[in-house]
Amino acid sequence: MSCKRYVSRSTAIAARMLGDEMMVMSATSSTLFTLNEVATVIWEAVDGATPLEEIVTQKICGRYDVTPEVALQDADALVKQLAEYGLLLLSDRPIEQPTCSRKVNL
Amino acid sequence: MSGLIAEIAAKALQFNIPLNVQLDLTYRCNERCIHCYLNHDDHGEMTTAEIRDLLDQMADAGVFYLTLSGGEILMRRDFFEILEYARKRTFCVKLKTNGILIRKKEAERIKALGVESVQISIYSHAPKVHDAISKLPGSFEHSMNAIRLLRSHGIHVIIANVLMVQNATDYAGVKALAAELGAQFIMDPTITPMMNGDRSILNLNVEEAALREVFRNGDVVGNVEEFCAPPQGPDADALEMLPCSAGHTACYVSPYGDVYPCVQFPLPSGNVRRMKFADIWRDSPQLKEVRTITLRDMPSCSKCIHGATCTRCPGLAYMEGNMRGPSSADCEKSFVRTGVATAGMLAGRATSPHLRSHSALVQIQL
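So the sequences go chain by chain: G and U. Yeah, the first sequence ends on 106 if you go by the working numbering, and it's all consecutive. Yeah, the second sequence ends on 366 if you go by the working numbering, and it's all consecutive.
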């Protein structure tokens with residue numbers, strides 16, 4: 001990858017840990033996914049502010065027996081795939097996280 | 001059930017996770033449906049802060065599917081604050097409403113908050129019949145307008161049709177309406193006793209002949225031959241079957257914080273105002289007891305030829321006095337479906353060939 005990639009979770013999802021896997025549902029299509037352990041680590045780490053390279057180095061390479069190049073390649077494929085389903089947002093610059101107001105005025 | 005959903009349900013069962021919770025936000029309602037099982041007075045609903053705290057606890061306990069129901073959910077002024085918070089905690093939220101208070105702004109908000117589905121009851125395609133059941137003049141038009149608005153925003157709408165004497169032949173008209181509006185149609189041939197045990201509303205249930213007609217209508221049940229197939233009797237595997245998800249991967253919380261195995265299973269199991277949700281879910285003696293029951297433990301049903309295929313509702317059985325006993329309503333439904341008498345009927349518990357009530361577990365989705 002030539003430039004840094006920033007990743008954020010979409011707000012149009014429902015998600016919950018179930019054992020060591022993450023269940024994720026797209027609110028737009030009601031399609032349900034489960035992420036395996038490694039994908040769950042990446043899912044939980046993406047915050048829109050930390051580049052994917054850094055997440056892979058910090059959260060994957062230290063924990064699993066994989067080279068940084070392979071790990072980044074796999075992580076990149078994963079986030080692209082999840083972005084295609086509308087579960088993640090990708091950008092080459094930091095992504096501001098949406099805030100949730102406490103009071104809604106209608 | 002799809003493979004992935006079945007896999008998730010099995011995993012939730014294995015880890016004792018309350019995957020599904022129905023939370024009634026209020027029992028207050030702007031309709032007075034003749035078949036309703038609730039008392040609509042407010043006896044001290046949970047506050048916004050209490051509900052937010054409960055949502056935090058439920059998210060931490062692993063609840064994924066959250067159904068917000070009532071009463072009429074939009075009777076609460078803080079409804080959208082609660083919904084927004086639930087979505088912030090990434091629940092998969094389903095709403096049950098009559099839609100009367102849904103206008104353009106509300107539909108836009110529901111869309112923006114990523115709600116999975118909105119279920120609205122339509123009792124008949126004939127406005128007069130619907131309004132006579134809801135006891136609110138003009139309610140048909142209001143509910144239909146809400147459905148149109150929600151659909152125009154691309155929201156998944158489920159039209160629920162509850163079958164009763166007053167609308168016994170109208171389901172086909174409602175199904176056609178649903179198709180026209182791009183909504184899902186479900187039909188429930190079920191009138192349940194009131195939560196306080198009052199069974200007087202069960203006389204609204206349709207007659208046996210009307211239910212037999214529904215069960216033999218391929219447009220409603222799909223494959224009639226399969227649906228009405230003669231029962232084979234439970235084998236060894238079936239005897240280890242759990243009755244349903246109530247108390248196993250699902251539970252119900254009332255507007256007052258009372259926890260029950262299911263909205264139709266009024267076995268008091270704890271109150272979230274006095275105990276943490278997770279502690280009730282894990283340690284409640286009542287929920288623990290519910291979890292021990294398999295078909296093998298049911299003296300009558302384990303010997304019944306319908307044992308493996310009956311839609312027996314443990315909540316209705318409990319309301320008849322024994323959560324390990326048969327539910328006479330389901331005995332009768334199995335009989336109408338197949339023409340074969342159940343063990344409960346033969347033993348004289350449910351001797352009447354006429355229907356007294358039906359359980360909620362035969363819900364026909366199209």
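Mixed in with the good hints, there may be bad ones.
Said to hold, decoys possible - In silico DSSO-like links for lysine-lysine, alpha-carbon gap of 30 Å or less:
#1 Lys4(G) x Lys88(U)
#2 Lys135(U) x Lys96(U)
#3 Lys135(U) x Lys175(U)
#4 Lys59(G) x Lys80(G)
#5 Lys175(U) x Lys111(U)
#6 Lys105(U) x Lys88(U)
#7 Lys94(U) x Lys80(G)
#8 Lys11(U) x Lys59(G)
#9 Lys96(U) x Lys111(U)
#10 Lys88(U) x Lys80(G)
#11 Lys59(G) x Lys175(U)
#12 Lys11(U) x Lys128(U)
#13 Lys135(U) x Lys105(U)
#14 Lys104(U) x Lys80(G)
#15 Lys276(U) x Lys303(U)
#16 Lys94(U) x Lys175(U)
#17 Lys276(U) x Lys88(U)
#18 Lys94(U) x Lys105(U)
#19 Lys175(U) x Lys80(G)
#20 Lys11(U) x Lys105(U)
#21 Lys104(U) x Lys128(U)
Claimed, not checked - Heads up, incomplete: computed chain G residues facing chain U, CB under 7 Å, no partners named:
#22 Ala12
#23 Ala15
#24 Met23
#25 Ala27
#26 Ser30
#27 Gly62
#28 Pro94
What the hints assert, rightly or not - What follows is a set of in silico ranges between Cβ atoms, one per label pair, in the way DEER data are often shown:
#29 Glu37(G) x Thr47(U): 38 to 44 Å
#30 Asp235(U) x Asp74(G): 43 to 49 Å
#31 Gly197(U) x Asn36(G): 43 to 49 Å
#32 Glu141(U) x Asp74(G): 50 to 56 Å
#33 His153(U) x Pro68(G): 41 to 47 Å
#34 Pro68(G) x Asp235(U): 50 to 56 Å
#35 Thr28(G) x Gly218(U): 28 to 34 Å
Honestly, the hints are just simulated from the structure, not real lab data. Glycine included, each C-beta is placed from N, C-alpha and C at the ideal position.
Structure-based check of all given hints:
1. With a C-alpha separation of about 28 Å, the suggested pair Lys4(G) and Lys88(U) falls inside the 30 Å cut-off, and the hint holds.
2. Pair hint Lys135(U) plus Lys96(U) holds up; C-alpha atoms about 18 Å apart against a cutoff of 30 Å.
3. A hinted pair counts as satisfied when its Cα atoms are at most 30 Å apart, and Lys135(U) with Lys175(U) qualifies at roughly 22 Å.
4. With a CA separation close to 19 Å, the supplied pair Lys59(G) and Lys80(G) stays within the 30 Å bound.
5. Restraint check for Lys175(U) and Lys111(U): the C-alpha separation of about 24 Å stays at or below 30 Å, so the hint holds.
6. Proposed proximity of Lys105(U) and Lys88(U) is supported: the alpha carbons are some 20 Å apart, at most 30 Å.
7. A threshold of 30 Å between alpha carbons decides the hint, and for Lys94(U) with Lys80(G) the separation of about 29 Å falls inside it, so the pair holds.
8. Note on Lys11(U) and Lys59(G): the hinted pairing holds, with a Cα-Cα distance of about 26 Å set against a maximum of 30 Å.
9. Among the hinted pairs, Lys96(U) with Lys111(U) is consistent with the structure: their alpha-carbon atoms are about 15 Å apart, no more than 30 Å.
10. Proximity of Lys88(U) to Lys80(G) is assessed by CA-CA distance (about 24 Å); at most 30 Å being required, the pair is judged to hold.
11. Between Lys59(G) and Lys175(U) the CA atoms are separated by roughly 52 Å; this puts the pair beyond 30 Å, and the hint is violated.
12. For a cut-off of 30 Å, the pair hint linking Lys11(U) to Lys128(U) is broken: about 47 Å separates their Cα positions.
13. This hinted pair checks out: Lys135(U) and Lys105(U) have alpha carbons roughly 26 Å apart, not beyond 30 Å.
14. At most 30 Å may separate the alpha-carbon atoms for a hinted pair to count; Lys104(U) and Lys80(G) exceed this at roughly 35 Å.
15. Of the supplied pair hints, the one linking Lys276(U) and Lys303(U) is violated, its CA atoms being roughly 39 Å apart against a limit of 30 Å.
16. Proximity of Lys94(U) to Lys175(U) is assessed by CA-CA distance (about 21 Å); at most 30 Å being required, the pair is judged to hold.
17. The straight-line distance between the Cα atoms of Lys276(U) and Lys88(U) is roughly 21 Å, inside the 30 Å bound, and the hint therefore holds.
18. At most 30 Å may separate the alpha-carbon atoms for a hinted pair to count; Lys94(U) and Lys105(U) meet this at roughly 18 Å.
19. The hinted pair formed by Lys175(U) and Lys80(G) fails the criterion: a straight-line CA distance of about 40 Å is larger than 30 Å.
20. With a CA separation close to 39 Å, the supplied pair Lys11(U) and Lys105(U) exceeds the 30 Å bound.
21. This hinted pair checks out: Lys104(U) and Lys128(U) have alpha carbons roughly 25 Å apart, not beyond 30 Å.
22. Residue-level restraint check for Ala12(G) holds (minimum Cβ-Cβ distance to chain U is 5 Å; threshold 7 Å).
23. Below 7 Å, beta-carbon pairs count as interface contacts, and Ala15(G) has one with chain U at about 5 Å; its hint therefore holds.
24. Contact between Met23(G) and chain U, as hinted, is supported at the beta carbon level, the nearest pair being about 6 Å apart and thus within 7 Å.
25. With a cut of 7 Å, the hint placing Ala27(G) at the interface with chain U holds, because the nearest CB-to-CB distance is about 3 Å.
26. With a cut of 7 Å, the hint placing Ser30(G) at the interface with chain U holds, because the nearest CB-to-CB distance is about 6 Å.
27. For Gly62(G), the shortest C-beta to C-beta distance to chain U is roughly 27 Å, which exceeds 7 Å, and the interface hint is violated.
28. Hint on Pro94(G) is violated. Least Cβ distance to chain U is approximately 21 Å, over the 7 Å limit.
29. Evaluation of the 38 to 44 Å hint for Glu37(G) and Thr47(U) yields a pass: the beta carbon distance comes to about 39 Å.
30. Distance hint for Asp235(U) and Asp74(G): a CB-CB separation of about 45 Å, consistent with the stated range 43 to 49 Å.
31. For the pair Gly197(U) and Asn36(G), the beta carbons lie near 48 Å from each other, so the given range of 43 to 49 Å is met.
32. At roughly 55 Å, the beta-carbon separation of Glu141(U) and Asp74(G) lies within the given 50 to 56 Å, and the hint holds.
33. The supplied range of 41 to 47 Å is met by His153(U) and Pro68(G), whose beta-carbon atoms lie about 45 Å from each other.
34. Pro68(G) and Asp235(U) have their C-beta atoms about 54 Å apart, which keeps the hinted 50 to 56 Å range intact.
35. Between Thr28(G) and Gly218(U) the C-beta distance comes to about 33 Å, which sits within the given range of 28 to 34 Å.
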